[in-house]
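Chains U and W, in that order, give the protein sequences. Going letter by letter, the first sequence gives residues 1 to 326 in the numbering used here. Going letter by letter, the second sequence gives residues 1 to 337 in the numbering used here.
Derived from the structure by calculation, the hints contain no laboratory data. Careful: at least some of the hints might be erroneous.
What the hints assert, rightly or not - Derived contacts from chain U toward chain W, CB cut-off under 10 Å, selection only:
no., residue
1, A71
2, S105
3, K144
4, P167
Think of the CB as a built atom: it goes at the ideal place given N, C-alpha and C, for glycine as much as any other residue.
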Amino acid sequence: MPVITYREALNQALREEMARDDRVFLMGEEVGVYNGAYKVSKGLLEEFGEMRVVDTPITELGFAGVGVGAAMVGLRPIIEFMTWNFALLAIDQIVNAAAKMLYMSGGQYPMPMVFRGPNGAALQLSAQHSQAFESWLAHIPGLKVVTPGTPYDAKGLLKAAIRDDNPVIMLEGEMLYNNKGEVPEEEYIIPIGKAELKREGDHCSIITNGKMALVAMKAADQLAQEGIRVDVVDLRTVRPMDVEAIATSVRKTNRAVVLEEGWELAGIGAQVVDYVQRECFDHLDAPVVRVHQVDVPMPYAKALEKAAKPDLGKTIAAVKKVMYLE
Amino acid sequence: MAAKKKSDSAKLPGDAELRRELLHSMLLQRRFEEKVGEAYALGKIGGFCHLYIGQEAVSTGVLSMLRPDDYVITTYRDHGQALARGMTPRAIMAELFGRIDGCSRGKGGSMHLFDRNLNFLGGHGIVGGHVPVAAGVGFAIKYRGGDQVIVCFMGESVVNTGAFHEALNMAALWKLPCIFIIENNKYGMGTAVERAAAIQDLSRRADSYDGMDGEHVDGQDVFAVRDAMERALEISRRESKPVLLEIRTYRYMGHSMSDAVSGTYRTKAELDEYLKRDPINLLKARMMDAGDLTDADVAQMEQEIKAVVQDSWDFADASPEPPLEALYEDVLVDTTS
Ligand SMILES: Cc1ncc(C[n+]2csc(CCOP(=O)(O)OP(=O)(O)O)c2C)c(N)n1
Ligand SMILES: [Mg+2]
Numbered sequence: 001m002p003v004i005t006y007r008e009a010l011n012q013a014l015r016e017e018m019a020r021d022d023r024v025f026l027m028g029e030e031v032g033v034y035n036g037a038y039k040v041s042k043g044l045l046e047e048f049g050e051m052r053v054v055d056t057p058i059t060e061l062g063f064a065g066v067g068v069g070a071a072m073v074g075l076r077p078i079i080e081f082m083t084w085n086f087a088l089l090a091i092d093q094i095v096n097a098a099a100k101m102l103y104m105s106g107g108q109y110p111m112p113m114v115f116r117g118p119n120g121a122a123l124q125l126s127a128q129h130s131q132a133f134e135s136w137l138a139h140i141p142g143l144k145v146v147t148p149g150t151p152y153d154a155k156g157l158l159k160a161a162i163r164d165d166n167p168v169i170m171l172e173g174e175m176l177y178n179n180k181g182e183v184p185e186e187e188y189i190i191p192i193g194k195a196e197l198k199r200e201g202d203h204c205s206i207i208t209n210g211k212m213a214l215v216a217m218k219a220a221d222q223l224a225q226e227g228i229r230v231d232v233v234d235l236r237t238v239r240p241m242d243v244e245a246i247a248t249s250v251r252k253t254n255r256a257v258v259l260e261e262g263w264e265l266a267g268i269g270a271q272v273v274d275y276v277q278r279e280c281f282d283h284l285d286a287p288v289v290r291v292h293q294v295d296v297p298m299p300y301a302k303a304l305e306k307a308a309k310p311d312l313g314k315t316i317a318a319v320k321k322v323m324y325l326e
Numbered sequence: 001m002a003a004k005k006k007s008d009s010a011k012l013p014g015d016a017e018l019r020r021e022l023l024h025s026m027l028l029q030r031r032f033e034e035k036v037g038e039a040y041a042l043g044k045i046g047g048f049c050h051l052y053i054g055q056e057a058v059s060t061g062v063l064s065m066l067r068p069d070d071y072v073i074t075t076y077r078d079h080g081q082a083l084a085r086g087m088t089p090r091a092i093m094a095e096l097f098g099r100i101d102g103c104s105r106g107k108g109g110s111m112h113l114f115d116r117n118l119n120f121l122g123g124h125g126i127v128g129g130h131v132p133v134a135a136g137v138g139f140a141i142k143y144r145g146g147d148q149v150i151v152c153f154m155g156e157s158v159v160n161t162g163a164f165h166e167a168l169n170m171a172a173l174w175k176l177p178c179i180f181i182i183e184n185n186k187y188g189m190g191t192a193v194e195r196a197a198a199i200q201d202l203s204r205r206a207d208s209y210d211g212m213d214g215e216h217v218d219g220q221d222v223f224a225v226r227d228a229m230e231r232a233l234e235i236s237r238r239e240s241k242p243v244l245l246e247i248r249t250y251r252y253m254g255h256s257m258s259d260a261v262s263g264t265y266r267t268k269a270e271l272d273e274y275l276k277r278d279p280i281n282l283l284k285a286r287m288m289d290a291g292d293l294t295d296a297d298v299a300q301m302e303q304e305i306k307a308v309v310q311d312s313w314d315f316a317d318a319s320p321e322p323p324l325e326a327l328y329e330d331v332l333v334d335t336t337s
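Isolated chain U, as found in the complex (with noise of 0.2 Å):
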């Protein structure tokens, strides 16, 4: 199977996507003669043209809009964010137009988008530019929210929001863009709403999505040889929630971490320990652990930004918490 990077991964879906219907166009700052901020729609204006993949000026909540009202006479907008700090601009378009138009309007308008963009801290970007906002999207109704952590889920998941007839957000890591992953030459789609479990065991659950899976499978893995048997549960989909896929999971090890990028308060992983405690009450045996980024803005030093992060480290410690070995 060709390893392509994450950022190749998703090229190729807006390329296969583009080519698939016509309706479809990517619009954003830089999309275009520079080939992206990260470079992920690389020859695509040389492609699709300049009617398909549209430069903007700097106007967030602008183009945003137009992505919005292009979407409600049937076309099938890409909007891309050079990053989610910026989509900030924006959120009156993607929370109260977006998200809301088919149910204020009584199923007359569907909103067929895609809002995208790098999400989360990189590195020694301090405070602007280092937010990871799952759990702001996931909270609004009228969305769709994915989180993709590999090259495969990206390449599929991108493909599915496309597709989608509703407004999906999608959440990618502005660290993944050069990471390596087998993916398959042949089509594929990837579900909206299913969770994967990237590693079995029978210890502990670790919940978790998006960039945090990958931290999540090494401390599987490192767990692994001090003989703990770590099932990591990548959600994926951040809205709707898989709870089957939680649920099942807890009920089998009865332990549960659940690692985010985001801020503790009202994060993702309060959602996720909700359900949890909903579906798996009996079935507990230890209170469930958060592993989060620290209740602060992110700092620009760096022992400071490794302090305020959510990593390695500490997941393992935490799934040592919940297992009583410390």
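Here the structure of chain U is known, so what remains is to put chain W with the ligands in place on it, guided by the hints.
Just chain W with the ligands now, with coordinates in the frame of chain U:
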């Protein structure tokens, strides 16, 4: 005498049939909304409800110039435009009553009237938010190579939002067939335009964008509105370019149902002054002058409209509430392409 009437009438634009339609459209909006006021007072209608009374020459003037395949998008003050676009009084009243036969199945209410069959893309509640959406519709028209236009109505407060600038900039940059219509009724809630905008001739906002025409128009004169629309359509439809019209008008009621008509931010004297240029009375007077219309004609039109409006009330009253299952419907669709 007869000869005089005939020549005066010939001076009015359009034919007698069209002029009667314009009057009918405006009068229907007026009487419908008066009824809405009654229903609101009785608790049949809830929530925010913004009346359009005084501004009817704008909706009728603009929308009477459009083709059925053109698009319309507007704000929460949307009853008048919905009627002028051809939505039935029944569908609107049922929506205001929160009933299943409403144009948005009782899910939207006064601020969110939608009708896909009429390309009526909704009333929107976030000031300025729908203006980029209009640019997106213009983008889609261009993308498909069509010759439709989108008309985007907005209140004058919108010119102070970032969304307004972002949308007009893109529309001018990409040459989108968008007609942006500022309904300058002088107030955004209680804030007079002079206290909010650092420019008083709002049509000059168009000067910020190369290739965008802007003009201001007397919004109490339905013929002036139609003339301006004719020029706007010539540019927008033929040349695929955006146009900005500032249509100067006045609202005769409070901002919403909880707002007094006058007394806080505007005086009774000011209101009375503007009432002298009631767009319906102006049109009626001109038509009567021209011999187009008699008192008996007006009485008959009033009679007929009264019945239609009453029928919309009866229809809405008899329409069932949405079933509780509807609560969970239309959050998402379960289809893919
Ligand atoms: C972004 C935003 N801020 C505030 C409001 C509350 N609000 C609703 S209507 C309105 C006044 C708008 O005035 P204008 O644009 O002139 O339209 P008009 O009501 O006169 O038709 C305000 C402040 C809102 N709906 N959206
Ligand atoms: Mg106003």
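Interface restraint verdict for K144(U) against chain W (beta-carbon cut-off 10 Å):
This interface hint holds because 7 Å falls under the 10 Å limit.
If you take the shortest Cβ to Cβ gap from S105(U) to chain W, is it below 10 Å?
Holds, about 4 Å.
Tell me if P167(U) is really an interface residue toward chain W, meaning its C-beta lies closer than 10 Å to one of theirs.
holds, 9 Å
Would you settle whether the hint for A71(U) is holds or violated, based on the nearest Cβ-Cβ distance to chain W being less than 10 Å?
holds, 8 Å
In this structure, none of the earlier numbered hints is contradicted; all agree with it.
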